Amino acid sequence: MSLQRFVIKRALITIPLLLGISLLTFGMVHAIPGDPIDFITLFTELDPETEMEIRAEYGLDQPVYIQYIDWVTSAATGDFGRSIITRDPVISEIMERLPYTLVMGIMAFGVTLATAIPTGVIAAYYRNTKIDQASRVFALLGIAIPNFLLGLLLLLVFASWLDLFPILPPTSQGIVSYDMLVYTLLPAITIGTGSTALLMRLMRSSMVEELDKDYVRTARAKGLPERTVVQKHVLRNSLISVVTVAAIQVAFIISGSVVVEIVFSYPGIGRLLVNRVGNRDFPVIQAIVLLIGVAVILANFVADVLYAYLDPRIRY
Amino acid sequence: MSSETSQRTTERGRIRVSGFDVERVESRDPLSSWEPDLQSEAGRGRLEYAWQRFKRNRLALFGAATIVFMVLLAVFSRPISLPNGFPVLAGQTVQPFSLAPADPANQDVLTGYREPTLENLFSGTATGLYLFGADWAGRDILSRVMYGGRWSLSIGFIAVAMALLVGIPLGSIAGYYGGKVDEIIMRLVDLLYAFPFIVLAIAVIAVLGRGYWEMILALVVVGWLPYARIIRGEILSVKENEYVTAAKALGSRDRSIITRHILPNAMAPVIVQATLSIGTTVLVAAALGFIGLGLSPASAEWGVMLNVEQDAIARGRWWAGLFPGLAIFVFVMAINLVGDGVRDAFDPQGDQSDTDTGGLR
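Chains as they are written, first to last, in my numbering: chain H, 9 to 324; chain D, 4 to 364.
The following block holds chain H by itself, in its conformation from the complex (with noise of 0.2 Å):
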């Protein structure tokens, strides 16, 4: 099968699964014991009339299926509706967030390639020495401590006692800025201290594996410098299964971000889900929701193609 072919059938397995999941957060709206007027008037008494008029504003007077394909047919243009609380357009109260959200995201992605690759490698390459012992309780450690308590305890080290660092956030000042993209840092470091204890063991094992491999006897026979050997040719091998597992990593930052969000008072989009909870401000949560189980079919997505790319066979 072609790369093309397979990146087709691979998308269209994931149609049924988008519209999956724009059914199940539209559902949990409708999964609410009570009337959804309620939510908007907010509990207020109303004469009939007006109540008609706000059902015919929220289309609330329509069948449940035509309210969905309304609801699916307006989000996929990005138009939300507004906020119960604040009245705004929810994509903007989104888009003025994700920024933030987003370059936590990569941020904290980047802390755990750039930290987990190296040290995995080097676990694999000195396994069952004190190196390798080491690594291991790293991740028993890294993968058991609640993100959150990280987060406090960094708080506590680099804010309050060193003062490298102000303990909130300078928003003010926006995203592309100096001091917020360092600020970020301390976020990134949490998400990604969880991320990487388990890629790292996932890089160890899986270049473990190839080690063993008899293509590395042959190239060690025929007299290539260890280096070589290592960079060239196991490197790359054991970098396939950890390329499908760095995507998953995608889901595991966005949980990640929901909560270290809340510890650091950072304004991204995981904040905003829980504070929007705490209101009980659906067409917000809905969105978020939406949003996020997209971002992870889309990673998903990303991740089977790189796959099939970088090893043919899993095509068939």
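Hints are supplied without guarantee of correctness; some may be wrong.
Stated by the list, open to error - These stretches of chain D come out as covered by chain H in the derived footprint (C-beta under 8 Å, 3 or more residues): (1) 152-165; (2) 200-212; (3) 286-300; (4) 335-344.
These are calculated hints, taken from the structure and not from any lab test. None of these values were measured; they are calculated from a predicted model. Each residue gets a CB set at the ideal place from its N, CA and C atoms; glycine is no exception.
Chain D: place on chain H using the hints.
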């Protein structure tokens, strides 16, 4: 974990007698007479074999001891009385011990924060003893951490148990029957897997509201997915075995084939996953508490304690959040050690130095 499963093995023996007229078959066909013996022995043998290996794993035993210790501390921190609606024993104290040095709700707002101190450790009385310090309201943090285990730990164990009760039947049905049922159940699993663990839990809480059982339900909605997937995969590989065909040919009902012949042979990876999931679940429950979507701020759940004190920690009062945070950390660590031990016990050939994600995403 293993005691629970060995109970299941005896149960299997009991059902066998009721579903099957053993005596009649035995008198008719000598071949059948050895079958039940062999079956129950094989089932017990494998668990015992795994238990033998687990016992030799010091790290895993250490983890198990830590878990038992934390559970005991939580149970014996304060006396437990039965609720008033309870028949016969209403209002009676069933657990009279009180290991916590102070009442976790005992406030001293005027003094407020106190640094941890070893002062009064040997004075013989518990008054004025603040090993872990005191929080903003002057409450003893050690007592609150001990008492708070009741929430954090029970949520973990109950949610995983309920997730198993949902995931195993659904996964078994999907794997055994295949076809449309399989398609529907597994597509639902795929769909829910599109959301990160905590995001889906938040969405469920957004619908249900906050509270103890709401939180458990949210964790179950997310938690059953891995079991359904694992058990389905195991069943697909197990159900082609000759003994399943033989059981079918003997006229066993589908339910008894699944529960007696297939499930026992497919349980090992589920047990491993369930062990590791307890840690993840406690972690997510604490995270939900921390972001303010868990239990009420008055409860001593570990995540909630951190939530209440997060500003204090960032401003230098480290003890207020460090100890509940450490409690979560130590518990999750211990569970992971046990989970790794259980996996190695069931699968000695696997790469022992690998760490598992425990479904953490």
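Checked hints:
Check on the stretch 152-165 of chain D: 0 of its residues sit with their Cβ under 8 Å from a Cβ of chain H, so the three-residue criterion for coverage is violated. Residues of the stretch 200-212 of chain D with a Cβ under 8 Å from some Cβ of chain H number 8, which satisfies the need for three, so the listed coverage holds. By the rule of at least three residues with a Cβ nearer than 8 Å to a Cβ of chain H, the coverage given for the stretch 286-300 of chain D holds, with 7 such residues. Beta-carbon proximity to chain H at under 8 Å applies to 4 residues in the stretch 335-344 of chain D; the threshold of 3 is reached and the given coverage holds.
The structure fails hint 1 only (numbered hints given earlier).
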